[in-house]
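Given next are the chains, with one letter for each unit.
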Amino acid sequence: MKFIQDDFKILYNREIQNGFFDILVDCPSIAERARPGQFINVLCGEKPLRRPISICEIDKSAGSIRMVYQVRGEGTEWMSGLCDGGTINLLGPLGNGFNIPAKSRGMAVVGGGIGTPPLLGAAKQYLADNSERSCTAVLGFRSAAAVILEDDYRAVCDTVVTTDDGSYGRHGLVTLPLEEQIAQGGIDVIIACGPTPMLKAVAEVGAAHGITTFVSMEQRMGCGVGACLACVCKTRLAGEEMYSKVCTHGPVFNASRVVW
Amino acid sequence: MSRLSVNIAGVELKNPVITASGTYGFGREYSEFYPLSRLGGISLKGTTAAPRMGNEPPRIAETPSGILNSIGLQNPGVDALISDELDWLSKQDTVIIANIAGSSVDDYSAVAEKLDKTCVDMIEVNISCPNVKKGGMAFGTDPAVAAAVTKAVRRSTSKPVIMKLSPNVTDITEIARAVESEGADAVSLINTITGMRIDINTRRPILKNNTGGMSGGAVFPVAVRMVNEVYRSIQLPIIGMGGISTWQMAVEMLLAGASAVQVGTAMFSDAYAPLKIIDGLEEYASRAGLENISELTGAVKLW
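Going down the list, the sequences are from chains A and B.
Residue numbering for the first sequence follows the numbering used here, beginning at 27 and increasing consecutively.
Residue numbering for the second sequence follows the numbering used here, beginning at 14 and increasing consecutively.
No lab work stands behind these hints, which were simulated from the structure alone.
It should be emphasised that the depicted structure is a prediction, and the values quoted were computed from it without experimental measurement.
Among these hints, one or two may not hold up.
As the list claims (entries may be wrong) - Derived pair list, reagent style DSS-like, types lysine-lysine, alpha-carbon separation capped at 30 Å:
#1 A:LYS260 to B:LYS221
#2 A:LYS226 to B:LYS104
#3 A:LYS35 to B:LYS289
#4 B:LYS27 to A:LYS28
#5 B:LYS130 to B:LYS104
#6 A:LYS28 to B:LYS289
#7 A:LYS226 to A:LYS150
#8 B:LYS104 to A:LYS73
#9 B:LYS104 to A:LYS28
#10 A:LYS28 to A:LYS150
#11 B:LYS221 to A:LYS73
The shape of chain B in the complex, shown without the other chains (with noise of 0.2 Å):
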């Protein structure tokens, strides 16, 4: 499988394929399908500094080629993530990458100070999430903000420094060099895009927040512009997501620009996505005589 191997930031991956931030919990319930250890990586459930309840349901509709979600970061809070989870998850031979989330920058250290002495692998920073009223998505869409976040972040710990971006905004690349300008290790892309859906006999939206973040298929096309357009304008190492759900999509987004890919909203249909994405990629790289799958990224040749 070393053909499949990755380096992101230092962190050596079995393979490019990440299990997506809100998607697969704290790996538990998906571990009762497969050994986690297939996996490259698993970005943890959103993490903030004290428990939060989440929105009010109904928090999922489905849209054509796609879902929205306003789940509102419902999670344990960091405390309980170290204590219930961790010890577990380092047992299960993957890399782990604990996915953070405040409503201020000091929230944002004080999770990655706590996080820095555990044994997760890599630190994520969620500033687009769409579905939170403080915070969330504000930080991800004003390229100072961003760079705060990161700054604050970055002096907290030692471990690598995700910066997950929002695509809700009108030039991605601005937040993309704001966030490297301040140590980012590495960038991920895209968060869900903000989205509505209502139902015509009620007259009234289908999610209880009115809003929601859009994820899977229907949105793979501006995850892969967007990764094109992130990789052409900053250096670091990017982790592309948004709607891939077979190999041959994980291939786009290599290609694209992303050296490694988060597959989320794919499971809700089919568990095996991630594993099924990896045993593609391992084919499709044996069959196309690659060294190793990183020759893929960026490989794009634009018109």
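Just chain A, with the same shape it has in the complex (with noise of 0.2 Å):
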């Protein structure tokens, strides 16, 4: 059986910054299976849908998986109304997670607002994988106010913080800095998750240095384990354009793969 859907007893619920909420979830048959890049569909009371949660961090000792997730509407809103000690019902894990080539030795990781939290778990899985790796993030955030996990990423890597208005770290898009980092050398990889637009220019800047660049996309989900095809965005291979399902195919794709 591929894919766990039970109850599972949540550890915490939290809220971290305004409207950005950290859950950590007892959940060892997920957790076992789970890797960086992979999502959770969460049951969100009586909604038809579940929503589609990135996993942050992966404790396969403990069994637990940890998500942060934003407040956006009215699923997330019923999400951070949990209480701790209380009952979660999860699906997962679901998609293909993070596939980091082996002899890849300096990874960029570029999050932007609710796109940072997968990427954090990714991070610190590549560094223990190897100890000749190097790993450093640049993150964007709209303003001070919506920075997250900035202290959980500057404790395993180099970490670039920008904010759209300048009111924290560095003022602008996250492209100068990566631009800043690749200069420096030593990146074979950069994995990046956020907006759109953030995704595409960081394909861009990937593709005009010759380095793979892995994106994980966003969409609206039905089903979660591949059946209805309603999550899909466009990509291309051997030049023919195709839908592909973002919970199954994806949700991390090779960015030289996707039509933006």
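Join these two chains into a complex; the hints should help.
See the structure below:
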């Protein structure tokens, strides 16, 4: 059985920043199978659609999954009201996750807003897999009030924070600091998650420097397991365009295959 | 489980619960949760003569107690269905219902003909897809056209033919009578109800197709009403669907006139919904002292 759907215990669910929540769930059966870049479909009360939430961190020995989410609509609003010790129904782990080439020695992680959580677990895993590796993070947020996970990132890698309005860190987009990191050398893979315009810009930077770039895509989703064909994004393979399923072909795609 | 077995147009289903077309792919994904042999049947993803890319995303939106979708019949085409899926499906020990769609009457017959010599047990004809520009629902909203499609498919296959009806009509019994007169073996209803949602920040429809088909709990009472209307106007067996997520709703649909039910949108929140419905029906039938679940079909006592 590839997918687990069950009730699990909430170890904590707390607000870490205005409208951003951090939830830790005791779900050994999912944690055991999960890998960075995958996601969980969360049942939100009576809502007909589960909400896809990216996995931030996996603790296989403790059997827990950490997710960091933003309250954006009725589903995530409902999630924000869940109490420590309560129950949450999860379906997962879903999606392909990051598949970083084993020979990679230097990775740049580029996150935008609520796209930053899944890259944290990916960065930690990347570094844990090989001690000769280095990792650098460029994280972009709207403003100082929207900065999340900065300390978590600083604990594991060199981190640059940017804000759109200059209220914290560097003023501007993530692409300039990314270019600077690349210029210093040593980066052979880029992973990115965030708003589509940011992903597109990062993909262009990666392509310009000949660096393999993986992007984690987002789309309104139905079943989450590849059956309903709701959550597609346009991709290209051997010159032919098609709609690929974000839930099972993705959410992580080689950026060179995405039709922006 | 024989208490739950039903016969639709000569095909024996071990129970009256079928997974609905479009929500279940070709069954492989959900076979990761449980053996498909538990199901009465599977109605496969709508299949056309040639592969179709489908509509631009976003293709799905939530509504009060329901969803809107505008997938646009993305599918690999009938040849790929036959070469890549049917062999595996035939080993799953459940009734296989191919769901076919087209943009011309000839398309429908071509697909039905190709499936005639395969292992599919029944053919469900989608004359009610609201999400494609050419054909689809247009075939299911005019009795004469619905009759023409039925006649063409009927001539192209010896398999039992189920005509899937659209609720987006003034009088669904007109269409039901038209397909009955041209040799349909059964009808299934309802397909989705055309709807729209708008993002108030962007002032754009949430779906890139602007409109989509509504399914889920919100449509259930409409489906029950239409199944009952059709039950009272034709002799064919009816497969009832539209928002069923519990065994109680399945019982209600059977009472309205259905011989079997399909479950679709409910799977998005609970992958095990069809199994829970089957188990619930079994317990209910036993408690109610039914010899067979079909005793419920049409047993509603109208005022």
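Tested hints:
no.: 1; hint: A:LYS260 to B:LYS221; verdict: 14 Å, holds
no.: 2; hint: A:LYS226 to B:LYS104; verdict: 44 Å, violated
no.: 3; hint: A:LYS35 to B:LYS289; verdict: 23 Å, holds
no.: 4; hint: B:LYS27 to A:LYS28; verdict: 26 Å, holds
no.: 5; hint: B:LYS130 to B:LYS104; verdict: 17 Å, holds
no.: 6; hint: A:LYS28 to B:LYS289; verdict: 20 Å, holds
no.: 7; hint: A:LYS226 to A:LYS150; verdict: 24 Å, holds
no.: 8; hint: B:LYS104 to A:LYS73; verdict: 35 Å, violated
no.: 9; hint: B:LYS104 to A:LYS28; verdict: 20 Å, holds
no.: 10; hint: A:LYS28 to A:LYS150; verdict: 24 Å, holds
no.: 11; hint: B:LYS221 to A:LYS73; verdict: 22 Å, holds
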